[in-house]
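With the hints as constraints, model all of the structure from the sequences given.
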Amino acid sequence: MQLNQFLLLSAFLFCTGVYGVLARRNGVLVLMSVELMLNAVNINLVAFSAFNHGVSGQVFALFVITIAAAEVGVGLAIVLLIYRNLRSPDLDQVDQLKG
Amino acid sequence: MLDYAWIIVFLPALSFVVILLFGKKLPRHGSEIGIAAVGASFVLACIAVVQWISRVENASESGGFKALGKGFLAKAGAHEVVVKPVVHSVTWWQNGGMKIGAGTQIDGLAVVLLLVVTLVSLLVHIYSTAYMHGDRRFTYFFAALSLFTASMLLLVVADNTLQLLVGWELVGLCSFMLIGHWWEEGVNSDAALKAFFTTRTGDIGLMIGVIVTFFAAGQTFNIVSINEAALAGNGGHAIWLGAAVCLLVGIIGKSGQFPLHTWLPDAMAGPTPVSALIHAATMVVAGVYLGARMYGVFWQGFSIHAGGVNAMALIGGVTIIIGALLAFVQDDIKKVLAYSTISQLGYMVMGLGVGAWTAAVFHLFTHAFFKALLFLAAGSISHSGSHHSFDMKRDMGGLRKYMPITFATFMIGSAALAGLPPFAGFFSKDEIIATAGHSGYTTFLYIGLVGAFLTAAYMTRAVYYTFFGEFRGHGEPHESPPAITIPLVVLAVMSVLTGWLNATVIHVEKFQQWFEPRFAFPTDVVHPSFEWGMAGIAVLVALAGVGVAYEYYWRGVGHGATERNPLARAGYTFLLNKYYLDDLYERVIVAGIKGPIARAAYWTNQNVIDAVVNGVGKGAVVVGRFTYDVIDQQVVDGAVNGVAEASGETGGLLRYMQSGRVQWYAAILFMAVAVLSLALIVFS
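Quick mapping for you: the protein sequence lines, in order, are chains A and B. All residue numbers for the first sequence refer to my numbering, where the first residue is 1 and numbers rise by one. All residue numbers for the second sequence refer to my numbering, where the first residue is 1 and numbers rise by one.
In case anyone wonders, no lab produced these hints; they're calculated from the structure. Note that the structure is a prediction, hence the values are computed from the model and not measured. Virtual Cβ for every residue (Gly too), placed ideally from N, Cα, C. There may be inaccurate statements among the hints.
[Said to hold, decoys possible] Which residues of chain B face chain A? A partial, calculated answer using Cβ under 8 Å: (1) R661; (2) V662; (3) A667.
Here you go:
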């Protein structure tokens with residue numbers, strides 16, 4: 001298998017994530033899109049690591065997964081509080097900091 | 001007692017405080033405290049006199065100069081024993097290296113004054129219990145009397161000029177309080193103010209004099225040091241002349257000398273005991289005391305030993321005559337006595353001026369008794385004889401039948417004042433006149449004789465109007481209570497006896513031997529021996545005064561001269577208006593100050609001083625306006641506003657970015673990352 005194939009898959013996943021973050025209005029879906037982008041990065045890290053015969057990339061991937069889990073925890077808590085306050089998960093309505 | 005003389009001063013001062021605090025609650029309203037304190041001071045003063053005399057006598061014997069006992073020989077001795085004053089001093093306050101002391105300096109002069117002040121004050125206190133009975137400010141009156149006595153004693157024992165000045169001013173303050181005791185009547189408070197301000201005029205001279213002597217004597221306020229420096233002539237004659245003139249101005253103000261004597265007759269507005277105290281023992285004698293105390297300064301400054309004429313003798317001589325003449329036209333018995341005091345003070349000042357130190361102080365001593373006697377007798381008359389009036393012509397006359405004790409004592413006092421032997425005034429006055437003749441002051445010899453003639457004549461007039469003829473008042477005159485007559489008798493006895501202390505006629509010169517300083521004192525003071533011729537002339541002159549007055553008032557010889565003779569009438573009017581001195585002071589000097597001078601001062605104030613002030617103000621306004629308009633408004637405010645506007649504009653532009661929409665932020669983030677990535681690819 002060639003490295004390009006992994007990179008293409010990763011780029012596709014990342015673009016899907018960016019689209020989800022920018023276009024979806026539901027906070028949960030935005031979080032899920034962020035996860036997609038993180039996992040695209042993970043694919044890159046593992047792929048480069050395997051093709052260079054090293055393990056440091058895979059260790060980075062493990063760190064990213066751990067951080068992502070924590071990030072989802074915090075993110076879901078924020079979304080829950082937003083829902084509780086606004087009765088809606090819609091991120092467009094969270095504009096109280098408008099200048 | 002010489003070492004603890006401060007107690008004599010302290011007791012009346014303590015009495016003042018105690019009377020003020022507790023006087024009203026006591027059964028006799030504070031008078032008992034005043035009498036007790038002054039009485040104790042009097043006893044202590046007597047002890048001090050006795051101790052001083054023994055000190056002098058022992059010093060004489062240890063010096064091996066027994067002849068002092070026959071005092072008339074003592075003047076020949078150049079080897080006189082030095083008797084130093086007893087000085088005790090504590091540091092009152094300190095300024096840098098300069099220590100200002102407060103203390104007592106006890107010598108012959110001081111003990112004489114202590115005795116006179118405490119005795120007269122004690123008798124006045126006793127007298128006042130009856131005279132002031134029922135007065136609405138009885139307690140206050142006694143408190144003020146105590147303070148008055150304490151102030152005078154403080155002045156007397158002073159060992160430095162500053163303490164003397166403090167006592168001097170306190171005496172002036174107390175006399176102000178007491179002259180204005182019945183201040184409800186405007187006349188009385190005016191008189192008090194007049195006394196205060198007139199003496200203050202003289203006080204300026206005293207203050208300058210104190211400063212001049214301080215520097216002339218090498219930066220010291222110590223009286224002995226000043227006298228020594230003056231007698232040695234340190235720093236030249238001129239500075240001592242200046243000091244003497246300044247101090248003389250103080251004496252003129254305090255002792256009622258011409259031309260500042262006008263306050264003394266008005267001071268009669270006070271209660272009679274106060275008049276007695278002011279005229280006999282305190283206040284006016286303070287001036288003469290200053291002259292005697294600082295005698296070295298006057299001796300050097302006025303070159304008294306040289307004879308001829310000097311300012312001090314001249315002032316005294318003029319005062320003798322003008323005071324005596326004014327006494328002739330007064331109907332108020334107290335004013336007659338007041339002018340007589342002025343005249344007698346003139347004798348004392350003239351005595352100091354012609355070098356008759358001992359005679360002047362001796363006259364102060366005897367005069368204190370007979371003048372206190374005369375005033376208290378006048379008070380007795382008004383208290384019991386004339387219904388509180390002092391007008392001799394309207395409310396008195398023929399009182400000798402009703403008030404025998406007052407009459408007898410008044411006659412003794414008058415004889416003493418007139419200088420008839422053997423009463424006290426004869427000896428002291430005669431010595432002043434005799435010394436004037438011996439020291440080369442012939443002019444003042446004649447002035448003294450003329451004064452003696454006038455004194456005898458006006459006292460005869462006063463006696464005639466008061467005690468002889470028919471009673472012109474109303475009601476039933478009667479003798480005064482014992483509290484009034486006992487002081488009169490005591491003073492009458494003193495008026496007879498004290499003269500013999502220095503009766504040169506029988507070679508008794510105890511006063512001179514005991515009380516004349518023998519330290520820091522001119523060595524060439526003249527003590528003339530007794531001369532029958534001079535004394536005879538003086539007595540004849542006095543008798544002539546009595547005779548002329550007798551002829552005029554009893555027998556009516558020469559009556560109506562003022563109606564017939566225009567010259568006599570003009571003289572009478574002139575005297576009646578007190579030489580127009582009051583008019584001069586009030587209409588010319590005071591009105592001058594009030595009128596044109598005040599207007600000129602106002603004009604200067606408005607046009608010169610205000611112009612300067614306004615100019616400065618306007619300049620400040622212009623500068624301020626410029627600062628405000630240009631610097632403050634444009635530069636400072638411009639900078640501040642510029643910063644604020646810049647921030648505002650920037651903020652206004654940047655606020656569009658703060659949409660508050662999370663995804664918009666994320667889009668910017670991604671775009672930025674994309675741009676950066678592109679840049680990375682392009683530029684690497």
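Going down the list of hints, with the structure as the test:
no., hint, result
1, R661, "5 Å, holds"
2, V662, "5 Å, holds"
3, A667, "5 Å, holds"
The structure fails none of the hints (numbered hints given earlier).
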